[in-house]
Amino acid sequence: MTDSVVSVVPATPFSGVAQLLADHDISGVPVLDEDDRVVGVVSESDLLTQREPTARDLMTAPAVTVHAEETVAEAARLMVRRGVERLPVVDEEERLVGMVTRRDLLRVFLRPDAEIRRRVREEVMPVALGPGADEVDVHVLDGVVTLHGRVRRQGHARTLVGLTEQVDGVVAVVDRLSMDEDAMGFASTARSTREITWCPPHRQDEPCPPEL
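At position 7 of the sequence shown the residue is numbered 7 (this note's numbering), and the sequence of numbers has no breaks.
Hints are computed from structural coordinates only; laboratory data are not their basis. Everything numeric in this text was worked out from a predicted model, so none of it was measured. Heads up, the beta-carbon is just placed ideally off N, CA and C, and yes, glycines get one too. Some hints could be false.
[Stated by the list, open to error] Each pair of labels, with its calculated beta carbon distance range:
1. Pro131 <-> Ser27: 48 to 58 Å
2. Asp175 <-> Glu85: 26 to 36 Å
3. Ala18 <-> Ala172: 33 to 43 Å
4. Gly130 <-> Ser27: 45 to 55 Å
5. Gly16 <-> Glu69: 24 to 34 Å
6. Glu69 <-> Arg103: 34 to 44 Å
7. Val9 <-> Glu165: 49 to 59 Å
Can you make the complete structure from the sequences, with help from the hints?
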């Protein structure tokens with residue numbers, strides 16, 4: 001994101017908003033209240049379709065924003081879903097801390113495959129798998145990460161896939177992980193021992209008689 005953001009206040013006049021967009025070659029500006037909270041956004045289309053006197057009357061509200069702790073992928077999905085080119089980035093109190101554009105996101109998603117693979121292997125796998133990290137292979141092509149290999153538990157696979165999805169530049173994750181056969185066999189045996197109980201024929205109102 002860009003942390004140096006051009007913004008206006010609700011009382012900024014139409015001409016002032018238009019001048020800022022032209023001077024900085026941007027397509028929109030956030031509108032901030034006295035506490036730096038984002039209350040709306042004025043875009044080029046707002047200026048072209050309206051002739052209201054101030055930003056307060058021009059702005060689209062409530063503003064579409066993204067929180068600073070959200071991932072790049074989440075920001076990209078929000079942009080596409082809401083059809084916007086720029087997203088104000090806010091903190092937990094909805095105060096402006098930056099701005100992210102489609103161009104910013106494009107730069108992230110153009111990250112080299114080799115760099116993505118390195119981050120998954122060195123930063124994600126040790127956290128998700130611990131000593132079992134060597135059992136999984138990582139292949140990356142055009143931002144799509146394919147995970148091959150065995151893990152001990154289903155929870156490990158879910159954690160690995162989830163953390164990989166959050167790596168900058170990852171477009172999608174293909175899960176081709178299998179669970180350790182010994183762990184699966186143990187779980188199946190334990191489940192069968194608990195669930196299968198045989199009882200000789202007897203009256204329904206009587207307890208199960210002992211085997212002879």
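Now for the hints, and whether the structure bears them out:
1. For Pro131 paired with Ser27, a C-beta distance near 50 Å keeps the hint of 48 to 58 Å intact.
2. One distance hint, 26 to 36 Å for the beta-carbon pair Asp175 and Glu85, holds here, with the actual separation near 33 Å.
3. Ala18 and Ala172 have their C-beta atoms about 41 Å apart, which keeps the hinted 33 to 43 Å range intact.
4. Distance hint for Gly130 and Ser27: a CB-CB separation of about 46 Å, consistent with the stated range 45 to 55 Å.
5. Distance hint check for Gly16 and Glu69: the Cβ-Cβ separation is about 33 Å, which falls inside the suggested range of 24 to 34 Å.
6. Here the CB-CB span from Glu69 to Arg103 is close to 22 Å, at odds with the stated 34 to 44 Å.
7. At about 38 Å, the beta-carbon gap between Val9 and Glu165 misses the expected band of 49 to 59 Å.
Hint compliance for this structure: hints 6, 7 are not met, and every other hint is.
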